[in-house]
Amino acid sequence: MERPGLDALRDGAADGEFQKVIIYSPDRLARSYAYQVIVIEELNKYGCDVIFLQRPISLREFY
1 MERPGLDALR
11 DGAADGEFQK
21 VIIYSPDRLA
31 RSYAYQVIVI
41 EELNKYGCDV
51 IFLQRPISLR
61 EFY
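All residue numbers in the sequence shown are consecutive under UniProt numbering, ending with 63.
Quick caveat, the hints were computed from the structure, so don't treat them as lab data. Keep in mind it's a predicted model, so treat the numbers as computed, not measured. A portion of the hints provided could be inaccurate.
[Said to hold, decoys possible] Cross-link-like lysine to any residue pairs, in silico, SDA-like; alpha carbons within 20 Å at most:
#1 K20 / I57
#2 K45 / Y33
#3 K20 / L9
#4 K20 / E41
#5 K20 / E2
#6 K20 / G5
#7 K20 / E42
#8 K45 / P26
#9 K20 / Y35
#10 K45 / R10
#11 K45 / G16
#12 K20 / Y46
#13 K45 / L9
#14 K45 / A34
#15 K20 / A30
#16 K20 / G47
Given only the sequences and the hints, what does the whole structure look like? Please build it.
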């Protein structure tokens, strides 16, 4: 599946262009919960905080 906006977000995080990503709700990032977690972990790896305005997700339960 092509997601040019998501690809640009991931590239920007990898390049250190921003420190926070604010997203309306988790389903705007990805439809499946598993893929949401993968993308959030990737963004966190680059030092980027992910903030959801609706239905926040906390990955702390996994660690």
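Each hint, compared with the structure:
1. K20 / I57: holds (15 Å)
2. K45 / Y33: Holds: K45 and Y33 sit about 18 Å apart, inside 20 Å.
3. K20 / L9: Holds. K20 to L9 sits at ~11 Å (cutoff 20 Å).
4. K20 / E41: holds (13 Å)
5. K20 / E2: violated (23 Å)
6. K20 / G5: holds (16 Å)
7. K20 / E42: holds (13 Å)
8. K45 / P26: With a Cα-Cα distance of about 18 Å, the restraint between K45 and P26 holds, given a limit of 20 Å.
9. K20 / Y35: holds (19 Å)
10. K45 / R10: Roughly 11 Å separates the two Cα atoms, so the pair holds.
11. K45 / G16: Status holds; Cα separation ~11 Å.
12. K20 / Y46: Distance of about 10 Å is within 20 Å: holds.
13. K45 / L9: holds (13 Å)
14. K45 / A34: Distance of about 17 Å is within 20 Å: holds.
15. K20 / A30: Holds. K20 to A30 sits at ~17 Å (cutoff 20 Å).
16. K20 / G47: holds (8 Å)
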